[in-house]
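Given chain F's structure and the hints, the job is docking chain H onto it.
Each chain is listed here by its residues.
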Amino acid sequence: KAGVTQTPRYLIKTRGQQVTLSCSPISGHRSVSWYQQTPGQGLQFLFEYFSETQRNKGNFPGRFSGRQFSNSRSEMNVSTLELGDSALYLCASSLSGGLPGELFFGEGSRLTVL
Amino acid sequence: QKEVEQDPGPLSVPEGAIVSLNCTYSNSAFQYFMWYRQYSRKGPELLMYTYSSGNKEDGRFTAQVDKSSKYISLFIRDSQPSDSATYLCAMIGGGSQGNLIFGKGTKLSVKP
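Chains as they are written, first to last, in this note's numbering: chain F, 4 to 117; chain H, 42 to 153.
Extracted from the complex, chain H is given alone in its bound form:
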């Protein structure tokens, strides 16, 4: 079992839809949970950051962490074509903060 599992999609939705992206993880020691967004031919960029359990909202984006279920989610409201990208969940692995364990990413396409 991989430490972080993420459905690779692809996921295609119409503009304005609510998008739900999810990851599961196996290591209960994970405390920091991130969502990175990667546009085609670009490096990933940090989109959302959550520490421990709970919700965090930033504009159209909401990140949820359920540590009891080892499940994290990213919701995108009123999705836009500009949201079309690959979304990667990430957690800090062992040893140092530069060692992130990534999910394989979900490729999202928002159709106008």
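So that you can see chain F by itself, here it is in the shape it has in the complex:
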């Protein structure tokens, strides 16, 4: 069974630009969560989607947004990039009715903002 797939794996942007990251969950998983990982703050929750609806949102500015499609694939977008947005962005999927808190992570998209 294929794992969580994230694209692109690496990208470089400049301040002010926007970026879209993509995530394909494990087949059958309908919940997708996004996290930002930085050396200073660690892993921080961005948002969670289930059946195309945002179910929860972390404490990030409105420049961070996401969506989920009918096939459970998800995208997140960051507009007006700032230097501090440089991070590893991780997507995780989970199974409805599965173990609470068991998330299956992708390998991440590493964003560098210059």
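Because the hints were derived from the structure by calculation, they are not lab data.
Please note that the accuracy of each hint is not assured.
Derived DSS-like pairs (lysine-lysine); straight-line CA-CA distance at most 27 Å [said to hold, decoys possible]:
#1 H:K152 to H:K111
#2 H:K97 to H:K83
#3 H:K148 to H:K83
#4 H:K108 to F:K16
#5 H:K108 to H:K152
#6 H:K97 to H:K111
#7 H:K108 to H:K97
#8 H:K43 to H:K152
#9 F:K60 to H:K152
#10 H:K83 to H:K152
#11 F:K4 to H:K108
#12 H:K97 to F:K60
#13 F:K16 to F:K60
#14 H:K97 to H:K148
#15 H:K43 to F:K60
Derived coverage of chain H by chain F (criterion: at least 3 residues anywhere in the stretch with Cβ under 8 Å from a Cβ of chain F; other residues may be distant) [what the hints assert, rightly or not]:
#16 82-94
#17 123-133
#18 137-144
The C-beta atom is built at its ideal place from N, Cα and C for all residues, glycine as well.
Frame of chain F, contents of chain H only:
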């Protein structure tokens, strides 16, 4: 005070040592406690899972939860070089099960 505190290390031990990793938390409402392992350039993977207080053992790994002290631990027996990774404690935050609150992670290196 952050909701979950974890010593970032790094922690370096010789092969075969017993490793103790710890986290403290502030929210007494937390019920589910996880340990994730993250290898370099990889996403985290669930290693151990505990509900409420008590111990759970899985091979060389033991997870302990002491809710009265708001303290959780992960013990690794007979540590191996392949255990070298960052270990993150996690708890389910509010609202939904996909919202995990992570410690900052402890980087462990096991030397042959």
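> Between K43 (chain H) and K152 (chain H), does the CA-CA distance stay at or below 27 Å?
Replying inline: The hint is violated at about 32 Å.
> Is the hinted pair K97 (chain H) and K60 (chain F) satisfied, with a Cα-Cα distance of at most 27 Å?
Replying inline: Measuring from Cα to Cα gives roughly 31 Å; hence the hint is violated.
> Taking 27 Å as the top limit, are the C-alpha atoms of K108 (chain H) and K152 (chain H) close enough?
Replying inline: violated, 33 Å
> Given the hint that K97 (chain H) pairs with K83 (chain H), does the C-alpha gap stay at or below 27 Å?
Replying inline: It holds: about 26 Å lies between the C-alpha atoms, which stays within 27 Å.
> Given the hinted pair K148 (chain H) and K83 (chain H), is their alpha-carbon gap at most 27 Å?
Replying inline: Between K148 (chain H) and K83 (chain H) the Cα gap is close to 14 Å, so the pair holds against 27 Å.
> Do the alpha carbons of K152 (chain H) and K111 (chain H) lie within 27 Å of each other, as the hint requires?
Replying inline: violated, 31 Å
>> For a C-alpha distance cap of 27 Å, please report whether K60 (chain F) and K152 (chain H) respect it.
In response: Violated, because 40 Å separates the two Cα atoms, which is more than 27 Å.
> CA of K97 (chain H) to CA of K111 (chain H), is that 27 Å or under?
Replying inline: The given pair, whose Cα atoms are some 17 Å apart, holds under the 27 Å limit.
>> Please check whether the region 123-133 of chain H has three or more residues whose CB lies within less than 8 Å of a CB on chain F.
In response: That given contact holds, which follows from 4 residues of the region 123-133 of chain H lying within Cβ reach (below 8 Å) of chain F.
>> K97 (chain H) and K148 (chain H) were given as a pair; does the straight-line alpha-carbon distance stay at or below 27 Å?
In response: Given that 27 Å is the threshold and the Cα spacing comes to 22 Å, the pair holds.
> Taking only the CA atoms, is the gap from K108 (chain H) to K16 (chain F) under or equal to 27 Å?
Replying inline: violated, 44 Å
> When you check the alpha-carbon spacing of K83 (chain H) and K152 (chain H), does it fall within 27 Å?
Replying inline: holds, 21 Å
Comparing the model with each numbered hint stated earlier shows that hints 1, 4, 5, 8, 9, 11 and 12 do not hold.
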